[in-house]
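There are 2 protein chains.
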Amino acid sequence: MSKFDRVYPFTCDTEALAAQLKEEGRELKDLLGGKGANLCLMTTGGIPVPSGFTVTTDVCNEFVQLGHQMPEGLEDDVAAAVKRLEQQTAKSFGDPSNPLLLSVRSGSKFSMPGMMDTVLNLGMNDDVAAGMVRLFGDERFVYDAYRRLIMMFGDVVMGVERHLFEECLSKVKAEEGVTQDVDVSAAGLKKVVEMEKQVYKEHLGDDFPTDPMAQLMAGVRAVFNSWDNPRATSYRNINKISHNLGTAVNCQMMVFGNMGDDCGTGVAFTRDPATGEKVMYGEYLTNAQGEDVVAGTRTPMPISELEQRMPEVYKQFADICENLEHFYRNMQDVEFTVERGVLWMLQTRDGKRTAAAAIKIANDLVEEGLIDRKRALTIVEPDQLDQLLHPQFDASKKPSAVATGVAASPGAAAGKVVFTADHAVEAAKAGERVILVRHETSPEDIAGMHAAQGILTAFGGKTSHAAVVGRQMGKPCVVGCGAIEINEAAGQFSIGQTVVKEGDFISIDGATGEVMLGDVETGDSEIIAVLKGNVKAEDSIIYQQFANIMAWADDVRTMGVRTNSDTPEDSELAVKLGAEGIGLTRTEHMFFGEDRIINFQRMIISDNDEEMQKAADVLETYQKDDFYGILKAMDGKPVIIRLLDPPLHEFLPHDAEDQAALAGMTGKTQQEIADIVESLKESNPMLGHRGCRLGVTFPIIYKMQIKAIFEAACQLKKEGFNPIPEVMIPLVSLEGEYSICKGYTEEVAKEVMAEHGIEFEYMIGTMIELPRACMVADKIAAMADFFSFGTNDLTQTAFGFSRDDVEGKFIPSYIAQGIIQVSPFEAIDRNGVGRLLEMGTDLGREANPKLEVGICGEHGGEPTSVEFCHNAGLNYVSCSPLRVPIARLAAARAEIKNPR
Amino acid sequence: MSKFDRVYPFTCDTEALAAQLKEEGRELKDLLGGKGANLCLMTTGGIPVPSGFTVTTDVCNEFVQLGHQMPEGLEDDVAAAVKRLEQQTAKSFGDPSNPLLLSVRSGSKFSMPGMMDTVLNLGMNDDVAAGMVRLFGDERFVYDAYRRLIMMFGDVVMGVERHLFEECLSKVKAEEGVTQDVDVSAAGLKKVVEMEKQVYKEHLGDDFPTDPMAQLMAGVRAVFNSWDNPRATSYRNINKISHNLGTAVNCQMMVFGNMGDDCGTGVAFTRDPATGEKVMYGEYLTNAQGEDVVAGTRTPMPISELEQRMPEVYKQFADICENLEHFYRNMQDVEFTVERGVLWMLQTRDGKRTAAAAIKIANDLVEEGLIDRKRALTIVEPDQLDQLLHPQFDASKKPSAVATGVAASPGAAAGKVVFTADHAVEAAKAGERVILVRHETSPEDIAGMHAAQGILTAFGGKTSHAAVVGRQMGKPCVVGCGAIEINEAAGQFSIGQTVVKEGDFISIDGATGEVMLGDVETGDSEIIAVLKGNVKAEDSIIYQQFANIMAWADDVRTMGVRTNSDTPEDSELAVKLGAEGIGLTRTEHMFFGEDRIINFQRMIISDNDEEMQKAADVLETYQKDDFYGILKAMDGKPVIIRLLDPPLHEFLPHDAEDQAALAGMTGKTQQEIADIVESLKESNPMLGHRGCRLGVTFPIIYKMQIKAIFEAACQLKKEGFNPIPEVMIPLVSLEGEYSICKGYTEEVAKEVMAEHGIEFEYMIGTMIELPRACMVADKIAAMADFFSFGTNDLTQTAFGFSRDDVEGKFIPSYIAQGIIQVSPFEAIDRNGVGRLLEMGTDLGREANPKLEVGICGEHGGEPTSVEFCHNAGLNYVSCSPLRVPIARLAAARAEIKNPR
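Residue numbers (the working numbering), protein chains in the order written: chain A, 1 to 900; chain B, 1 to 900.
Calculated from the structure, these hints are not laboratory results.
Hints are supplied without guarantee of correctness; some may be wrong.
To be verified - To be clear about the criterion: a stretch of chain B counts as covered by chain A if any three or more of its residues have a C-beta under 8 Å from a C-beta of chain A, and this derived list gives those stretches:
| no. | segment |
| --- | --- |
| 1 | 92-102 |
| 2 | 191-201 |
| 3 | 514-521 |
| 4 | 543-552 |
To be verified - If you only want the chain B side, here are some residues facing chain A, beta carbon under 8 Å, derived:
| no. | residue |
| --- | --- |
| 5 | 47 |
| 6 | 309 |
| 7 | 323 |
| 8 | 612 |
| 9 | 683 |
| 10 | 697 |
| 11 | 700 |
| 12 | 731 |
| 13 | 804 |
| 14 | 813 |
Source: prediction; values computed, not measured.
Backbone N, C-alpha and C fix where the C-beta goes; we use that ideal spot for every residue, glycine too.
Okay, chain A solo, but in the shape it has when bound:
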């Protein structure tokens, strides 16, 4: 049971209530919903809001817990609130001589536009209607309101299909030979009312209820029920809103925009939500109710028309909007009604906006002195920044999509279709842009993915291999596009009747999942163009606004931001985007280069240590170049290099033809190659012979990599650079694994440095990505300089989910059933994986207070996860280059919300 009242009038003492709620860690809108809280605040602030009261979200939750039953005594509380309302408005609910009409509207903590139900004009019946006619003299208006009530009540509250009611009006319009609702006669509307009552009775057996209180309570119940309706549930799933917040119900005096031409209704944004420009942006409809605007049944006028028609009302409205911006310190999205020349504000909330608008508004509000920089950071959504950074199609030139898949890695790409990684590499060499189209991708495709402009797959979800690597590389990527049927043998894919052949151009939009035919033009976003030096900063307003936000974020945040990068180019871009170091360099992708893979394969299939060492020596020269490039690009910044992680079989060919080719190149028989591949096969490769387990069993491989790192660093030192390598040992679960690999590192580092006569600082640490490592983090930390949480694998092992196997198979069903709200591979699972991370961090720091702790899983670039990492006390998050700005902003917002 809640300790709060069930019902609060809009005139309640919001300050006192807010203080009371704060004790429980809640805000006003937790109890009253966003809309209810705003209505109360506006009322208190002297803004003209129709009087009313709010039934709290706590009541809704009680209702749900009672199995969709009204809590006992609620009706009495509501009746008392109505009584107060009657006194305030000097009207009387159900009294024909001076009737009070009410609306009920839902309103949860977070705005869920159009997702839940509303009923207007409650309190009408035949007697009240007759009384209203006597009172207002406008029969048309009265019966229009009445027929709306019956329709909404029948539809929303009782579940009779709306079109059955709408048909009544259509029939009468046909009879009267008119097309516009406003042209229907009063008698006609009266007839509609009777027809609707008939429909009501036919479908429900009972008469439309004449008791106003019964109508009201049924309306409240309908709103509560709507909290759990499929639309609302799915909206919350999509928007990651918790299912247990509940909705409040706002009961409010009706005001009417449809009592004549001095009436009307409108919606407006206080600034342009597309561009951010400081202009009133909205629409107004004369002689209409709000739902006419929303429904689109009549075409509204621009809001500027209101200024011309009723300049005083507009002035009052504009002033109120300015007040609201001041009060809420943000651009507002408002609804209002004018009743007989009197302005009533119905709702205000923070307006949704594009990324470009968001950063402009934030900059402008600061400049206008309305908000400070910290506040500016809180009104830009980190996730949105993505839109500003990825290559973009020119919207005006974009054709319509022929298929749509999962938007996996944002950005626009166009190129010729190729079906194999090899073809992609060849074409790229020949200077062609290609889109790699595959059923799914695997590590063998890395070179092809690198070579391609973008990747399109028929299978896989947001965290499939293609998606993960695509995001990592910053390559546009559309996955799980079920509509395409690939026939690799025929060198084509089809979408329905459309056939696309290898070599044909297609374009993909990784931000929307769209697949288009032809070579749609794309380009760097303006901000990236500036960062690459192709556009001057002073010529780009959006860049300056972006740079401001980033600079303010950096001033505020207390957590570092690094990047995951495997190439010098990515590293350079990441630094320009604000990366303070590299949190993860994966070394395995480096082996897929044409000249390299054969040497890597030689190393794997060697018969003895000598052969293995020989192949490793060749690879070392390549690896040294790789590390040289990255360490140079990151000069003076720490670079975490992870030693080899994936199982060896990923590097060997699995079909007979390629095995024969490898046999030819290595002097083994095809059978020998096949036997080696077979012997390396694993039933669960994710849990197999990989990570430091390779290091422990094949020291030659790890020592080769370590040598390459320190050789590269020594060379850079000689050249006057300041390389800061940090060696990361992956997949540690046992203390002994770590100490053995650490031993190699120290031994090789010492040797190499001695040989060059050079000394420099370096660190050795480990990726914490297995639950056991979290449990024994103290023992590992005693030997380690740093931890980096690999939350991808930690999520897989903590849940016992294989990402590849579950995302398509049951995660969607889990979200639909409300078991989870978002895939744990997208946002960190705070209660499970998050607890392991906290335990690992705390235990680790207990044993080694200097331990540096970061995260390099994909969660490092996801705002809610970044906030979690801030709260967990991590030193830094690391993410792909284009997500670095997101992480910087998210880290700043986390600090504002919960200062360290």
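Dock chain B against the given chain A, drawing on the hints supplied.
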């Protein structure tokens, strides 16, 4: 730094020292080693032990930590101890006129026989030797001792190969024309001494050291070094002994059994270690040192000879043995020497014994009033009981093995070779005994494994599928027998040149891993024969002894013991072996019956819910029978039934032929079947769509199983039985998964009970086998009646190890490198998996104090894991039927060690 002295004389105050150690949770033998503690205790107890002192294990650990360096000042402490010894013995170290000679021997907390080093006769040099000749007049004896010292010192301390020294003696024996060491002349031995000195100098550059103190300190160092030698390390690995215990060094006055015929040396057990009979059991060798007995270079006499030769000495010896049994309250394994008619006890320790001897001795000691029942439980090793329960070969009739694999599931089995599960089933139907021989087994082979007497595989380790299921079924099983080459197509396997055809008889011993040709006779062990009613209890002494131990264990233990069983037969046997309920019934094996699999397949491949339900309805009747049988066998005892766990693809055929057959039976095309199989394929099935994830996505399957459980229970109720079903939901990681499956269970249970008009108690709970479940155990426990830890999967996910992939590949290397001491699939990993289990238990009980917590992973039958479960506060452990007695005893011992 240890707070204890570095050196303790045998005459030290053991009581005071023990009290001091107890404050740190240590025992006497933690500091002094087992041998040192015993020598001190015997000395204090007035038993004639040659005087000496012990350098503690703490010093050894310091030595290891210093990188194998002697701690500073140790030599002074040893010198002081030698000085005290000189006073005690009235002899003088290195004094030719009255020389004290010393031995150094290792001695760690746990006996590691023959694993570490010993040096005798320290303190001799040319002068001392000459003095000893003057003193004893026996030149032969003196130079024999001297040449032994040089040999042992050269070998053990300095690392010169022993045979080089042995060759000196051989040469002289050849020169003198004698074959026995005792026949070599004094001059000859003197010559051997000189030759050995020569060998020493040749190989080491230096002369053999003449300074007694230098000899002694080098000896101490050698013993410390030997702690880390490969033999010792591997012994500890095999015997699950920690590597950080260290060894003590015992320095002791030499006594000589080789000074003439009134001298000798012997070893003895105070009772027969094979049968347990109360007879002195040992050997005596006249005029010899101890190593002559151990080395087997001379054939000793039975100990009874000593009685005849020196009756008084023997009487004294027998009395001492009896005293030792009284003191140590256990059968002892002693070493002694007689020097010129004087008896010296050199060592005593608890004697190793067979299982049969162990239970007889435990019974006898209780009867003799030497020990109480609790003590009796501590001197029987739980693991040994296995020997008494599995079918056995008659050792006298057993031929020699043609190959040896991994002993995976104990017991003896003989039968005709078959290569497929189908053939096994057919042959068994025809009444034939068969051994199923496979590369490895998979769930598709279950029916065949059931039908077979035993299983032999070419691949896989102790926890491969064959091994796990074999143990579960109590089927003898030899796995990973690399010597056999299976040619299934040719219907034969070969071992080198030997070819075994399908239909030929072979026999396997699952306790030793032996594979034998032919039909070697086997039978129930005597205890099982009694339990099955084939032998009367009063006719079986071993059964009575076993039953006593079990009864005493049950009196003591506070933790329950259940069994994992899938059939009524196993359940009945388990109850006879003491199971108090079923902790795990796997339902998946039940679907592999001939008539059933097709219906299960129909269910999986159904196009819609209707088809699926139809197939499920058929399966329900089978499942009801299954559950009826098990619940009846367990009348009045709780039976946990786990709902379907493995991924669906395990139930479908993977080769084209079988897919065609299935297509034929189900009216689908072969392509459709192939597509379904393909769509169900998983890259990491262990982490895939299985467990409750199936229940959430295919409610029909779980509801069918639940219905079958409650239908069976209702029928039993009507028949007057008392079924106690407990429904277990597997693989829960998310609270919502559990609550949805719990919902099904309550719903179906209510329906079925209402239909039958019957009410009974039942429980719903979950298997905790994923790390995330441990982290959110409180939230799950709030909805659950019980938790059962599935430590197999919990180990796999906590470590990120797939059992199938790692056991053969890197676990052996990990053990060899000391990263782990035992596979975490054998004994529970206390620091990682164990911590998760403790957290899960504690969190669960916090939220639900009535929560019943057990374990049903394979660890439930492994003694050290049982002890861990006791300490973690679990309500019960559950294991395969034949391990139930082991668990009962282990639980009792855990209670004795750490009372709840």
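Comparing the hints with the structure gives:
By the rule of at least three residues with a Cβ nearer than 8 Å to a Cβ of chain A, the coverage given for the segment 92-102 of chain B is violated, with 0 such residues. As drawn, the segment 191-201 of chain B meets chain A at 0 residues by the rule of a beta-carbon pair under 8 Å; below three, the given contact is violated. For a cut-off of 8 Å, the count of residues in the segment 514-521 of chain B with a CB near a CB of chain A stands at 0, and the three-residue condition is violated. Given a C-beta distance limit of less than 8 Å, the hint that chain A covers the segment 543-552 of chain B is violated, as 0 residues qualify and 3 are needed.
Using the Cβ-Cβ criterion of 8 Å, the hint placing residue 47(B) at the interface with chain A is not satisfied: the shortest such distance is roughly 43 Å. The interface hint given for residue 309(B) is broken, as the beta carbon of that residue sits about 54 Å from the closest beta carbon of chain A, more than 8 Å. Proximity of residue 323(B) to chain A is violated relative to the hint, the smallest CB-CB distance being about 45 Å (cut-off 8 Å). Nearest Cβ of chain A to the Cβ of residue 612(B): about 16 Å, over the 8 Å cut. The hint is violated.
At a threshold of 8 Å, the smallest CB-CB gap from residue 683(B) to chain A is about 5 Å, leaving the interface hint in force. Interface hint at residue 697(B): satisfied, since its Cβ lies 5 Å from the closest Cβ of chain A, which is below the 8 Å cut-off. Using the Cβ-Cβ criterion of 8 Å, the hint placing residue 700(B) at the interface with chain A is not satisfied: the shortest such distance is roughly 14 Å. The restraint placing residue 731(B) at the interface with chain A holds, with a minimum CB-CB distance near 7 Å, inside the 8 Å limit.
The beta carbon of residue 804(B) is positioned within 8 Å of a beta carbon in chain A (closest approach about 5 Å), and the interface hint is therefore held. At a threshold of 8 Å, the smallest CB-CB gap from residue 813(B) to chain A is about 5 Å, leaving the interface hint in force.
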